[in-house]
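**Student:** In the order they appear, the protein sequences are chains A and B. With this note's numbering, the residue at position 49 of the first sequence is 49, and numbering never jumps. With this note's numbering, the residue at position 101 of the second sequence is 101, and numbering never jumps.
Don't take every hint at face value.
Remember, identical chains collapse to one label, so a pair may be satisfied in a single copy or spanning two.
[Said to hold, decoys possible] Pairs of lysine-lysine residues, derived as BS3-like cross-links and limited to a Cα-Cα distance of at most 27 Å, are as follows: (1) K101 with K145; (2) K182 with K193; (3) K102 with K152; (4) K102 with K145; (5) K180 with K193; (6) K188 with K89; (7) K30 with K152; (8) K4 with K145; (9) K2 with K158; (10) K30 with K193; (11) K2 with K145; (12) K145 with K98; (13) K64 with K101; (14) K152 with K101.
FYI, nobody ran anything at the bench for these hints, they're computed from the structure.
There are 2 protein chains.
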Amino acid sequence: MKQKAIVLYSGGRDSSLVAHLLDHFGYEVKLVTSNSGIVQGAPKDAQKAAKIIGFPHEVVKIPKQIIERAAEIAQEDGFPLHAVNYAHKQVLEVVTQKFSKKYTTIADGTRRDDRTPRLTYPEMQSFEARHNVAYFAPLLGFGHKTINHLSKRIFTYKEIWAGTKPTAEYETEIRAVLRKKKKGLDKKIFPKKHFHSVITGWAASGNL
Amino acid sequence: MKQKAIVLYSGGRDSSLVAHLLDHFGYEVKLVTSNSGIVQGAPKDAQKAAKIIGFPHEVVKIPKQIIERAAEIAQEDGFPLHAVNYAHKQVLEVVTQKFSKKYTTIADGTRRDDRTPRLTYPEMQSFEARHNVAYFAPLLGFGHKTINHLSKRIFTYKEIWAGTKPTAEYETEIRAVLRKKKKGLDKKIFPKKHFHSVITGWAASGNL
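Generate the whole structure from the sequences, applying the supplied hints.
**Tutor:** So, in structure tokens, the structure goes:
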């Protein structure tokens with residue numbers, strides 16, 4: 001029996017690797033990108049990437065309040081870790097409620113060397129029990145060396161300076177709310193130099 | 001370039017799944033089972049399972065002191081968690097020192113829902129830096145629902161009551177030391193009813 005899995009999808013290396021793995025594991029994969037409407041174009045790169053890697057893709061509207069509350073948390077903290085984590089957990093709930101009747105597995109691109117976003121182990125257990133699904137973070141045991149090796153083997157991708165162009169990461173919409181509060185506030189809160197990756201094609205080796 | 005990986009191997013579902021995954025990821029896989037000589041026959045089922053799943057396999061002799069110290073820890077604690085964890089970390093060190101010149105990746109079957117054995121995140125970082133390898137625990141993000149689904153899809157296996165028959169788990173040799181200290185001591189320390197799985201073949205669906 002083919003299990004059906006939702007993959008929370010940004011169009012980047014990590015969530016694309018997750019989709020590819022689950023497909024290899026025999027799951028029927030559907031990609032989902034969340035968007036609150038605060039930055040309507042944010043999912044565009046994710047939509048393109050989904051087409052490239054070849055899975056059905058849906059943009060799911062989430063309440064603006066999730067992003068607004070996340071922006072408040074970021075402002076209170078002065079750094080984005082808890083804000084992004086909060087947004088991710090809320091989005092997991094919204095998406096899972098929408099799909100848990102048809103889909104048995106909810107997967108995301110959380111990695112071992114990420115500090116954020118991350119469910120704790122008790123949160124994973126509670127999430128699975130409440131929704132009667134399997135939560136699956138296949139990259140949780142993959143360190144950055146392994147992720148680099150595998151994504152280069154499988155995909156080509158470009159790197160986008162965070163904050164310079166909308167991407168499907170939570171960061172894009174949280175930044176927009178912060179900028180509305182005060183010009184330049186997002187730049188004070190999010191780290192200056194980091195990239196978001198966007199899949200642009202298959203590597204020459206082409207596949208796993 | 002094909003990366004070479006060592007998989008710490010017990011012959012059970014988890015480490016067999018790890019070997020199978022790494023093979024799919026394009027790694028050249030070698031299975032390694034540790035044995036201190038206290039229970040010399042312990043790796044036998046692992047050797048058979050390795051043949052079934054089709055990877056080169058080596059039994060690596062580890063110092064008896066590792067198992068003896070683990071047994072002391074178990075006796076002090078009255079439960080096996082830290083003892084097994086201690087043994088696993090020591091074995092990781094011994095095996096990695098032996099193979100880190102030729103192998104870039106050291107993998108094990110640690111799962112999300114295991115309480116033991118488990119490296120902490122700082123321990124993983126330290127391990128990778130000291131040995132210049134990637135530590136890869138691909139099942140760390142796999143919950144028990146996902147592991148059940150995938151192992152049944154891929155393998156057939158039998159379940160062996162822990163303590164009734166030697167298996168390649170650390171438990172077998174630690175129990176032997178405890179029994180030598182005092183008759184029945186191992187039964188007081190290890191939980192009564194649990195199984196170790198041993199791979200017996202491929203499932204009908206045969207593969208990922």
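**Student:** Determine for every hint whether it applies to the structure shown.
**Tutor:** Right, here's what the structure says about each hint:
1. K101 with K145: Between copies only: 17 Å across, 37 Å inside.
2. K182 with K193: within (21 Å within a copy, 61 Å between copies)
3. K102 with K152: between (33 Å within a copy, 22 Å between copies)
4. K102 with K145: between (35 Å within a copy, 16 Å between copies)
5. K180 with K193: within (22 Å within a copy, 59 Å between copies)
6. K188 with K89: Within one copy only: 24 Å inside a chain, 41 Å across chains, cut-off 27 Å.
7. K30 with K152: For K30 and K152, the Cα distance is within 27 Å both inside one copy (23 Å) and across copies (23 Å).
8. K4 with K145: between (29 Å within a copy, 13 Å between copies)
9. K2 with K158: between (33 Å within a copy, 24 Å between copies)
10. K30 with K193: Neither. Shortest intra-copy (32 Å) and inter-copy (39 Å) distances fail the 27 Å Cα cut-off.
11. K2 with K145: between (31 Å within a copy, 14 Å between copies)
12. K145 with K98: between (35 Å within a copy, 21 Å between copies)
13. K64 with K101: within (24 Å within a copy, 53 Å between copies)
14. K152 with K101: between (35 Å within a copy, 23 Å between copies)
Against the hints set out earlier in the document, a violation occurs for number 10 only.
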